[in-house]
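Asker: Starting from the known structure of chain P, fit chain S onto it as the hints suggest.
There are 2 protein chains.
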Amino acid sequence: MTTLSNLPATARMMARLEELALITDEPGKLTRLYLSPAHKQAVEKVTTWFAEAGLSPTVDAVGNIAGRLEGRQPGLPALIIASHIDTVRDAGKFDGNLGVLAGLAVIEELRRLGDKLPFAIEVIAFGDEEGVRFPVTLSGSRAIAGTFDMGALGGHDEAGISMGEAMIAFGLDPTAIPAIARRRDQMLGYVELHIEQGPVLEGANQPLGVVTSIASIKRIAASVTGEAGHAGTVPMPFRKDALAAAAEMILAVERIARETPGMVGTVGRIEAQPGAVNVIPGEVRFSLDLRGPDDATRETGVERVLAEITGIATRRGVTLSLASGYEEKASPCHPAIQAGLAAAVRSIGYEPIALPSGAGHDAAAFHGICPMGMLFLRCKGGISHNPAESITVEDADIALAALLAFVRGLDPASLAT
Amino acid sequence: MTTLSNLPATARMMARLEELALITDEPGKLTRLYLSPAHKQAVEKVTTWFAEAGLSPTVDAVGNIAGRLEGRQPGLPALIIASHIDTVRDAGKFDGNLGVLAGLAVIEELRRLGDKLPFAIEVIAFGDEEGVRFPVTLSGSRAIAGTFDMGALGGHDEAGISMGEAMIAFGLDPTAIPAIARRRDQMLGYVELHIEQGPVLEGANQPLGVVTSIASIKRIAASVTGEAGHAGTVPMPFRKDALAAAAEMILAVERIARETPGMVGTVGRIEAQPGAVNVIPGEVRFSLDLRGPDDATRETGVERVLAEITGIATRRGVTLSLASGYEEKASPCHPAIQAGLAAAVRSIGYEPIALPSGAGHDAAAFHGICPMGMLFLRCKGGISHNPAESITVEDADIALAALLAFVRGLDPASLAT
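Chains as they are written, first to last, in the working numbering: chain P, 27 to 443; chain S, 27 to 443.
Any given hint could turn out to be false.
Now the in silico label distances, taken between C-beta atoms and shown as ranges [claimed, not checked]: (1) P:Asn412 x S:Ala414: 47 to 55 Å; (2) P:Gln67 x S:Gly351: 51 to 59 Å; (3) S:Thr336 x P:His182: 43 to 51 Å; (4) S:Arg341 x P:Met176: 47 to 55 Å; (5) S:Glu184 x P:Met176: 51 to 59 Å; (6) P:Gln299 x S:His182: 26 to 34 Å; (7) S:Glu184 x P:His182: 39 to 47 Å; (8) S:Leu348 x P:Thr326: 25 to 33 Å; (9) P:Lys406 x S:Gly157: 28 to 36 Å; (10) P:Gln67 x S:Ile187: 54 to 62 Å; (11) S:Glu44 x P:Thr336: 42 to 50 Å.
Derived SDA-like pairs (lysine to any residue); straight-line CA-CA distance at most 25 Å [said to hold, decoys possible]: (12) P:Lys55 x S:Asp116; (13) S:Lys55 x P:Gln299; (14) S:Lys142 x S:Gly97; (15) S:Lys266 x P:Glu334; (16) S:Lys406 x P:Gly343; (17) P:Lys266 x S:Glu285; (18) P:Lys266 x S:Pro287; (19) P:Lys266 x S:Asp116; (20) S:Lys266 x P:Ala278; (21) P:Lys266 x S:Ala278; (22) S:Lys266 x P:His411; (23) S:Lys55 x P:Ala302; (24) S:Lys406 x P:Ala302; (25) P:Lys266 x S:Gln232; (26) S:Lys55 x P:Lys55.
Which chain P residues face chain S? A few, computed with CB under 7 Å, are given here [what the hints assert, rightly or not]: (27) Phe264; (28) Ile276; (29) Gly301; (30) Asn304.
Because the hints were derived from the structure by calculation, they are not lab data. Ideal Cβ positions, reconstructed from N, Cα and C, are used throughout, including at glycine.
Pulled out of the complex, with its shape left as it was, chain P reads as follows:
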């Protein structure tokens, strides 16, 4: 362990995070949905901070705030440092917001140090990572990456307002979205600092983790049909208990996920019918959420799960129906960014923990577009999407120091492939 770097920017960043957390659509809790009044207010506030950091911020057609620090000469490809300022309902203060304000803090430190880098830096505050309001997500990052789907403008929120209408009400011009897209030769790479939202770093007693990839996800809706019957009059050998079958399937999911490094498997929803104390369940529906660090691992895991639960159904004489749901390919992080982040973490005296991200992030929008990577910061108890979300000032300082070291040490040639 090294002593703390105590960067001047850390205290300012933490104060800004507290101030930003007061901007909410729901008094008494932090809720800041994409294109909402609170989002508008946050864009205004964060824009002033961009300007204070010496950038000349612009708000683009989807509501992103972007500010550019030139490198040794103007017009060099830019390393994008970004995250989001929208939140879930009743959110914590750090999810997304930390990454944006850390980007500004890096700019402030670079200015203080008088560094001139062999690349430009763009700090961006995306407005739609959580996907709470509209049917789609990553609208801001996809617009920058050039993969925004204009069809998404027709998607409605609960109040029946389309995303396109909300943009216009916000003061934006959705027809200008295609023009936001950065050309590939303008993007050196993308790096994002984010709280881990899980317990791995805390468990490893290390503040920082280098993300290896953003998870490959597959969701499946399963339905088991057995035979309902009287809990007293049907002897065990005669039963086709849909819940006992589902229980065996749930344990198979858990076992396969445990056996597969980096994989997680979750049955979050379950419903048994008819649902009476004295009736053997005749039908059970449950959800499957399977994630892996890469597509091959996840696909193999899904295949094993499906083979096992199908076998369980056959052996028990129950019927299993499966409906394929949401699927998201993995976004592996660029090796040079992983290596650079790991070296930066080590340079300030910590052991970088390599870990996959099971949750989605704006960074995923840049996979296949430019070299992309993420730095995770430990958060208390792994808790996120909750007002109890918490990081220490010391950890924030360490994260900033690492991000700064990464930027200062980055050789643009390493990202040339």
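Answerer: Frame of chain P, contents of chain S only:
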């Protein structure tokens, strides 16, 4: 297999069952709750059938219809042949009603044969076995057995009508209930024919079963508290998944019940919180219904289940809370009645299948009061409490022949203990 006995009483009994099934509180389905208008109408109808069979029926203070056939001399202790004429909502035609009308058919056959038995027979139609309307059940049989709890008169139905009020509205005098109780020296024994309501006899390809005991029942409400978390960000080794823990417990219940002869174990209700596709369940509540043929078997089974699921909770680091619920002691059938019923079944050419009753019955009210036993008749698919409840005419005829053979072969001295 023997040829069918084709008793004249069988056709009449089946026709009466069809006619009785039309008397309902809910048009279009069979629903006949205790002390309801349909129950009143059924009492009137069945009373005329009692009279047609040559009995002098009376309706007692709880609404039972009772009719007595004297033996070789008047005043001999009576063998009670009884069941119930109330039903569940949307019921089948045979549950309960069969046993009452079979008792009448036995009387008719005895009269036709001119038999004079060394004991009297009382046929009784109880009105409250299903326990659907009021908080208690077995009101009719308990009043006869002398164990009716007068406190039950204060229990209310969903409309706020107390059982006492309902009796008065029905035309009954609840203050006369204690006087209904038969003296022990008036009761030779109690025997009841009932559909099995399960699949054992159908599976054994035999029409009749001799009940060994009415199940010992214990219900427990279980609650598992683990840790909710993001389905993507919490690696498997860090999880305290309440649903995976519950799944292991459900399989333990199933395994222990399978390993314990005569025992059944059912988890009929389950609820997982927060119940989102992408959130690890933090809390799961489920019901346990454990039954055994005798108290010792059931108690040992319950102890094993509780020890195993407590062990599972400890091993997984989740908290298990258990709330003890409904409990009913076993009612073993009298050995001489079991032997007599088995001999009677064999005498007409069938193999009596010995089986416990997992469901409760009026017969249980006579356990410890007088020798008690039950004869089970196979029903289609084991289905009961459902309009699809079905028996064949041939099986009804066989049941009647067996019951008649039992009555004719019964040595009162065998029940003297």
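Asker: If a hint holds in the structure, say so; if it doesn't, say that too.
Answerer: Evaluated hints:
1. Checked against the given bound of 47 to 55 Å, the beta carbons of P:Asn412 and S:Ala414, roughly 49 Å apart, stay inside it.
2. Restraint check, P:Gln67 to S:Gly351: a C-beta distance of roughly 53 Å satisfies the suggested window 51 to 59 Å.
3. For the hinted restraint 43 to 51 Å between S:Thr336 and P:His182, the CB-CB distance of approximately 50 Å keeps it satisfied.
4. Between S:Arg341 and P:Met176 the Cβ separation comes to about 53 Å, which falls inside the hinted range of 47 to 55 Å.
5. For S:Glu184 paired with P:Met176, a C-beta distance near 57 Å keeps the hint of 51 to 59 Å intact.
6. Taking the beta carbon of each, P:Gln299 and S:His182 are about 29 Å apart, inside 26 to 34 Å as hinted.
7. A beta carbon spacing of about 42 Å between S:Glu184 and P:His182 agrees with the range 39 to 47 Å that was offered as a hint.
8. The beta-carbon spacing between S:Leu348 and P:Thr326, approximately 39 Å, falls outside the hinted interval of 25 to 33 Å.
9. For P:Lys406 paired with S:Gly157, a C-beta distance near 52 Å fails the hint of 28 to 36 Å.
10. Separation of P:Gln67 from S:Ile187 is about 60 Å and conforms to the stated range, judged on CB atoms against 54 to 62 Å.
11. Remark: the range hint 42 to 50 Å for S:Glu44 to P:Thr336 is upheld by a beta-carbon distance near 45 Å.
12. Annotation: proposed proximity of P:Lys55 to S:Asp116 is violated, straight-line Cα distance about 50 Å (limit 25 Å).
13. Taking the CA atoms of S:Lys55 and P:Gln299, the gap is near 22 Å; set against the 25 Å cutoff, the hint holds.
14. Taken as a hint, the S:Lys142 and S:Gly97 pair is honoured in the structure, with Cα atoms around 6 Å apart against an allowance of 25 Å.
15. About 23 Å separates the Cα atoms of S:Lys266 and P:Glu334, which keeps this hinted pair within 25 Å; it holds.
16. Only pairs whose Cα atoms come within 25 Å are accepted, and S:Lys406 paired with P:Gly343 is accepted, the gap being roughly 20 Å.
17. A C-alpha spacing of about 17 Å is found between P:Lys266 and S:Glu285, which places the hinted pair at or below 25 Å, so the restraint holds.
18. Only pairs whose Cα atoms come within 25 Å are accepted, and P:Lys266 paired with S:Pro287 is accepted, the gap being roughly 18 Å.
19. For the suggested pair P:Lys266 and S:Asp116, the alpha carbons sit about 24 Å apart, so the restraint of at most 25 Å is met.
20. Annotation: proposed proximity of S:Lys266 to P:Ala278 holds, straight-line Cα distance about 16 Å (limit 25 Å).
21. Distance check on the hinted pair: P:Lys266 and S:Ala278 sit about 16 Å apart at the alpha-carbon level, within 25 Å; holds.
22. Straight-line distance between C-alpha atoms of S:Lys266 and P:His411 comes to about 18 Å, which keeps the hinted pair within the 25 Å bound.
23. In summary, the hint linking S:Lys55 to P:Ala302 is supported, as the alpha carbons are separated by about 21 Å, within the 25 Å threshold.
24. A threshold of 25 Å between alpha carbons decides the hint, and for S:Lys406 with P:Ala302 the separation of about 23 Å falls inside it, so the pair holds.
25. With a CA separation close to 22 Å, the supplied pair P:Lys266 and S:Gln232 stays within the 25 Å bound.
26. Our distance criterion of 25 Å between C-alpha atoms is broken by S:Lys55 and P:Lys55, whose separation comes to about 53 Å.
27. Taking 7 Å as the C-beta contact cut-off toward chain S, the hint placing P:Phe264 at the interface holds, the least distance being around 5 Å.
28. Proximity of P:Ile276 to chain S holds as hinted, the smallest CB-CB distance being about 4 Å (cut-off 7 Å).
29. Because the closest C-beta pair between P:Gly301 and chain S is about 5 Å apart, less than 7 Å, the hint holds.
30. Among the interface hints, the one on P:Asn304 holds; its C-beta lies about 6 Å from the nearest C-beta in chain S, closer than the 7 Å criterion.
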